[in-house]
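Participant: In order, the protein sequence lines correspond to chains A and B. To convert a position in the first sequence, counted from 1, into this note's numbering, add 19. To convert a position in the second sequence, counted from 1, into this note's numbering, add 19.
Heads up, some of the hints might be wrong.
No copy labels: a pair is met if it fits in one copy or bridges any two.
Calculated cross-link-like contacts (lysine to any residue; reagent style SDA-like; alpha-carbon spacing at most 25 angstroms) [said to hold, decoys possible]: (1) K365 - R293; (2) K302 - L128; (3) K365 - R309; (4) K365 - L301; (5) K359 - L320; (6) K286 - Y353; (7) K302 - E125; (8) K359 - R187; (9) K302 - R151; (10) K365 - R166; (11) K202 - E50; (12) K286 - S315; (13) K302 - T129; (14) K152 - A192; (15) K302 - E133; (16) K286 - E314; (17) K365 - R240; (18) K152 - E299; (19) K67 - R241; (20) K302 - V367; (21) K152 - E362; (22) K152 - R240.
No lab work stands behind these hints: they were computed from the structure. Small disclaimer: the values here were computed from a predicted structure and weren't measured.
2 protein chains.
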Amino acid sequence: MANILEDAEDIRRRGGGILRSLENLPEGCREGIRLGEEVELQHLEGLKPRRIIIAGMGGSAIGGLILRDWLLDASTPIYVSAGYHLPGFTDDETLIIAVSYSGNTEETLTALMEAMERGCPILAVTSNGRMRKISEERGIPLIPLPRGLQPRASLPQQLFSIAVALRRIGVEAPWDEVGEAIKVLEQLRPQLAPETAPEANEAKSLALGLWGYIPHIYAPRRMEAVAYRLRTQLNENAKLPACSASLPEGFHNAVMGREGPEELLEKLAALIIREPGEGERLKRRINAFRELLEESFGRVLELWARGRGLLSKILSALYIGDYTSLYLALLYGYDPSTVKSIELLKRVG
Amino acid sequence: MANILEDAEDIRRRGGGILRSLENLPEGCREGIRLGEEVELQHLEGLKPRRIIIAGMGGSAIGGLILRDWLLDASTPIYVSAGYHLPGFTDDETLIIAVSYSGNTEETLTALMEAMERGCPILAVTSNGRMRKISEERGIPLIPLPRGLQPRASLPQQLFSIAVALRRIGVEAPWDEVGEAIKVLEQLRPQLAPETAPEANEAKSLALGLWGYIPHIYAPRRMEAVAYRLRTQLNENAKLPACSASLPEGFHNAVMGREGPEELLEKLAALIIREPGEGERLKRRINAFRELLEESFGRVLELWARGRGLLSKILSALYIGDYTSLYLALLYGYDPSTVKSIELLKRVG
Numbered sequence: 020m021a022n023i024l025e026d027a028e029d030i031r032r033r034g035g036g037i038l039r040s041l042e043n044l045p046e047g048c049r050e051g052i053r054l055g056e057e058v059e060l061q062h063l064e065g066l067k068p069r070r071i072i073i074a075g076m077g078g079s080a081i082g083g084l085i086l087r088d089w090l091l092d093a094s095t096p097i098y099v100s101a102g103y104h105l106p107g108f109t110d111d112e113t114l115i116i117a118v119s120y121s122g123n124t125e126e127t128l129t130a131l132m133e134a135m136e137r138g139c140p141i142l143a144v145t146s147n148g149r150m151r152k153i154s155e156e157r158g159i160p161l162i163p164l165p166r167g168l169q170p171r172a173s174l175p176q177q178l179f180s181i182a183v184a185l186r187r188i189g190v191e192a193p194w195d196e197v198g199e200a201i202k203v204l205e206q207l208r209p210q211l212a213p214e215t216a217p218e219a220n221e222a223k224s225l226a227l228g229l230w231g232y233i234p235h236i237y238a239p240r241r242m243e244a245v246a247y248r249l250r251t252q253l254n255e256n257a258k259l260p261a262c263s264a265s266l267p268e269g270f271h272n273a274v275m276g277r278e279g280p281e282e283l284l285e286k287l288a289a290l291i292i293r294e295p296g297e298g299e300r301l302k303r304r305i306n307a308f309r310e311l312l313e314e315s316f317g318r319v320l321e322l323w324a325r326g327r328g329l330l331s332k333i334l335s336a337l338y339i340g341d342y343t344s345l346y347l348a349l350l351y352g353y354d355p356s357t358v359k360s361i362e363l364l365k366r367v368g
Numbered sequence: 020m021a022n023i024l025e026d027a028e029d030i031r032r033r034g035g036g037i038l039r040s041l042e043n044l045p046e047g048c049r050e051g052i053r054l055g056e057e058v059e060l061q062h063l064e065g066l067k068p069r070r071i072i073i074a075g076m077g078g079s080a081i082g083g084l085i086l087r088d089w090l091l092d093a094s095t096p097i098y099v100s101a102g103y104h105l106p107g108f109t110d111d112e113t114l115i116i117a118v119s120y121s122g123n124t125e126e127t128l129t130a131l132m133e134a135m136e137r138g139c140p141i142l143a144v145t146s147n148g149r150m151r152k153i154s155e156e157r158g159i160p161l162i163p164l165p166r167g168l169q170p171r172a173s174l175p176q177q178l179f180s181i182a183v184a185l186r187r188i189g190v191e192a193p194w195d196e197v198g199e200a201i202k203v204l205e206q207l208r209p210q211l212a213p214e215t216a217p218e219a220n221e222a223k224s225l226a227l228g229l230w231g232y233i234p235h236i237y238a239p240r241r242m243e244a245v246a247y248r249l250r251t252q253l254n255e256n257a258k259l260p261a262c263s264a265s266l267p268e269g270f271h272n273a274v275m276g277r278e279g280p281e282e283l284l285e286k287l288a289a290l291i292i293r294e295p296g297e298g299e300r301l302k303r304r305i306n307a308f309r310e311l312l313e314e315s316f317g318r319v320l321e322l323w324a325r326g327r328g329l330l331s332k333i334l335s336a337l338y339i340g341d342y343t344s345l346y347l348a349l350l351y352g353y354d355p356s357t358v359k360s361i362e363l364l365k366r367v368g
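All chains, please: the whole structure from these sequences, using the hints.
Facilitator: Take a look at the structure:
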């Protein structure tokens with residue numbers, strides 16, 4: 020098993036575009052910042068909206084979900100809307116950010132139309148497609164994502180271009196965390212690389228630990244989007260079913276699953292996302308939770324976030340998780356870049 | 020196997036308090052309405068808050084989650100906050116509804132303190148404990164939940180007392196759906212009863228279908244809270260690990276899990292929550308999704324909601340799901356009322 024992850028050349032060949040996007044994550048973040056600075060915001064600059072709704076599906080929603088968690092303490096509420104319709108409270112003081120990597124996601128295009136009907140200020144984020152066309156025709160400010168990626172690989176450009184645009188629009192938030200976060204990612208990159216042996220490579224060792232199990236991910240509330248990202252990366256890259264839950268909420272329900280039948284629990288691997296500076300009380304409860312799961316789950320693993328600021332913690336955990344999903348795909352012999360079942364569903368008219 | 024669910028007397032004996040709460044669900048709804056009408060709202064009446072945050076954990080959060088989904092088209096945004104801290108945008112125009120069945124949930128008590136510090140209008144919902152004491156001392160309007168239940172069994176009182184209070188506070192919403200919803204529950208009740216044979220009892224037949232599998236629940240976005248409720252009822256009543264995901268979002272990621280290893284997928288049962296009037300386009304995509312899962316999941320089941328209004332659909336699906344979790348507990352030989360692992364974690368100081 021382990022020797023599959025010792026052949027860096029083979030990993031590079033089979034990892035393909037997904038690996039290249041991961042290796043370029045810090046550069047992707049910088050490209051996102053540049054895109055956010057360059058976009059002509061027109062009447063949006065300094066708008067200070069009452070609330071923000073980020074509309075997107077799947078790989079085009081993840082930037083919004085991370086912004087929601089990161090900016091939970093900011094003064095402007097951010098919702099992520101994954102579906103055809105905008106919520107009832109959407110009004111002309113609500114900034115709509117419509118994100119569709121392809122530009123042709125039918126749910127998000129419907130939401131964009133609704134936003135235009137309701138007279139909302141709008142920002143579009145896309146690489147192409149109908150969304151680009153509509154935005155150009157209607158004079159909607161547009162952030163052009165780089166083409167030729169898998170939607171899920173455009174995360175750094177999505178996340179940072181929107182973040183910088185929000186700063187310019189007047190949203191107050193801990194923008195100074197961005198510098199540290201990119202530095203933390205740069206430090207982490209060589210440790211996660213194909214050339215680093217499994218013993219020294221956290222993502223490889225997590226992938227080896229998860230192999231043969233259904234992953235159940237538990238994360239603190241401010242890391243909920245990271246847990247969800249890892250879940251969907253396990254779905255898309257590693258073709259695995261996976262679950263995610265948030266803590267402390269899971270202490271009140273999910274923990275009961277460990278009392279279930281042994282022949283089911285032995286198939287599950289718990290992966291707990293931890294962060295430096297958890298606070299004594301929460302740390303004791305997470306440790307007790309881990310010990311309870313160890314008594315019955317097939318395996319219990321931990322993924323430790325890095326850095327001081329919340330954004331560093333979020334993005335470092337995400338980076339380790341993304342690489343883990345890639346290495347796990349290779350262990351199973353899957354091509355991480357294919358998403359056949361998603362494409363089959365898109366074709367259903 | 021099936022004969023375990025044919026002995027109504029044995030089911031009544033082993034189902035205990037959880038079964039009695041289920042059989043009293045319609046009466047619990049009416050009790051909730053009465054509690055909401057009777058509470059002295061003082062300065063909250065007609066307040067028309069800018070936004071609403073419902074703070075609660077586990078079984079005390081589920082009423083809030085259902086309100087969030089049901090009232091997504093209403094004009095006042097509702098957030099559910101599950102944790103120690105309130106979001107940064109909490110201000111004195113934000114109504115905080117703090118829900119703790121026991122009254123001693125530490126996360127929710129912390130949130131309640133924060134709400135007082137920020138000068139928010141507050142409504143407390145509890146059966147007892149410190150929350151009752153604080154509310155009485157500070158003159159915070161309090162909805163008294165009936166005592167002696169499991170927190171998760173107080174759902175109808177939670178949900179309807181808060182709904183009626185919101186109506187009195189000036190939140191505009193489809194309140195006229197309440198009458199139909201209770202009627203639908205009353206019609207459903209005899210079909211789900213211990214005396215009804217498995218062939219005619221949707222909950223018994225779902226429980227038999229789920230037996231031996233890890234349940235993965237998929238539900239339309241407006242039924243997200245129902246899927247989550249079923250997940251947590253499977254955790255707490257049936258001591259099972261379980262997952263939930265929302266549609267159409269799951270078409271963009273979760274569906275990829277079906278391409279995974281056979282020896283893991285054969286352990287999973289998909290349960291898709293469906294509703295009358297899905298719309299042609301979504302129906303075709305859900306049907307295609309089901310067919311894709313059928314090729315690799317151990318089992319694929321459907322749970323059909325009833326009624327015309329959204330609230331009827333939500334509560335009928337919840338009712339069938341609640342009974343399913345109870346019957347599944349009995350099939351496994353578990354006592355549905357015990358939650359030992361949750362209690363162990365509560366004791367960690």
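Participant: Hint by hint, say whether it matches the structure.
Facilitator: Going through the hints against the structure:
1. Taking the shortest Cα distances, K365 and R293 sit within 25 angstroms of each other only across copies (20 angstroms), while inside one copy they are farther apart (36 angstroms).
2. In the homo-oligomer, the alpha carbons of K302 and L128 lie at most 25 angstroms apart only across protomers (19 angstroms), although the nearest pairing inside one protomer, at 43 angstroms, exceeds that limit.
3. Taking identical chains as interchangeable, the C-alpha atoms of K365 and R309 lie at most 25 angstroms apart only when they sit on different chains, with a minimum of 14 angstroms there against 39 angstroms within one chain.
4. Taking the shortest Cα distances, K365 and L301 sit within 25 angstroms of each other only across copies (11 angstroms), while inside one copy they are farther apart (42 angstroms).
5. In this assembly of identical chains, the alpha carbons of K359 and L320 lie at most 25 angstroms apart only when taken from different copies (23 angstroms versus 30 angstroms within one copy).
6. In this homomeric assembly, K286 and Y353 come within 25 angstroms of each other (Cα to Cα) both inside a single copy, at 20 angstroms, and across copies, at 20 angstroms.
7. Proximity of K302 and E125 under a CA criterion of 25 angstroms is satisfied inter-copy only: 15 angstroms between copies versus 43 angstroms inside one chain copy.
8. Proximity of K359 to R187 under the C-alpha cut-off of 25 angstroms is found in neither arrangement, the shortest distances being 39 angstroms within a copy and 51 angstroms between copies.
9. For the homomeric pair K302 and R151, neither the shortest alpha-carbon distance inside one copy (47 angstroms) nor that between copies (29 angstroms) is at most 25 angstroms.
10. In this assembly of identical chains, the alpha carbons of K365 and R166 lie at most 25 angstroms apart only when taken from the same copy (20 angstroms versus 50 angstroms across copies).
11. Taking the shortest alpha-carbon separations for K202 and E50, only the intra-copy value of 15 angstroms comes in at or below 25 angstroms, while the best inter-copy value is 57 angstroms.
12. In this homomeric assembly, K286 and S315 come within 25 angstroms of each other (Cα to Cα) both inside a single copy, at 10 angstroms, and across copies, at 17 angstroms.
13. In the homo-oligomer, the alpha carbons of K302 and T129 lie at most 25 angstroms apart only across protomers (17 angstroms), although the nearest pairing inside one protomer, at 44 angstroms, exceeds that limit.
14. Taking CA atoms no more than 25 angstroms apart as the test, K152 paired with A192 passes in neither setting, with 32 angstroms inside one copy and 37 angstroms between copies.
15. Taking the closest pair of Cα atoms, K302 and E133 come within 25 angstroms of each other only across two copies (22 angstroms); inside a single copy the shortest separation is 44 angstroms, beyond that limit.
16. Taking identical chains as interchangeable, the C-alpha atoms of K286 and E314 lie at most 25 angstroms apart whether they share a chain (13 angstroms) or sit on different chains (20 angstroms).
17. Taking the closest pair of Cα atoms, K365 and R240 come within 25 angstroms of each other only across two copies (18 angstroms); inside a single copy the shortest separation is 32 angstroms, beyond that limit.
18. For the homomeric pair K152 and E299, neither the shortest alpha-carbon distance inside one copy (52 angstroms) nor that between copies (27 angstroms) is at most 25 angstroms.
19. Only within a single protomer do K67 and R241 lie at most 25 angstroms apart by alpha-carbon distance; the minimum there is 24 angstroms, versus 30 angstroms between protomers.
20. For the identical chains of this complex, K302 and V367 are inter-copy neighbours only, at 10 angstroms across copies versus 47 angstroms inside a copy, given an alpha-carbon limit of 25 angstroms.
21. With identical chains, the CA atoms of K152 and E362 are at most 25 angstroms apart within one copy only, with a shortest distance of 23 angstroms there and 56 angstroms across copies.
22. Neither within a single protomer nor between protomers do K152 and R240 lie at most 25 angstroms apart by alpha-carbon distance, with minima of 38 angstroms and 28 angstroms respectively.
The earlier numbered hints that this structure contradicts are 8, 9, 14, 18 and 22.
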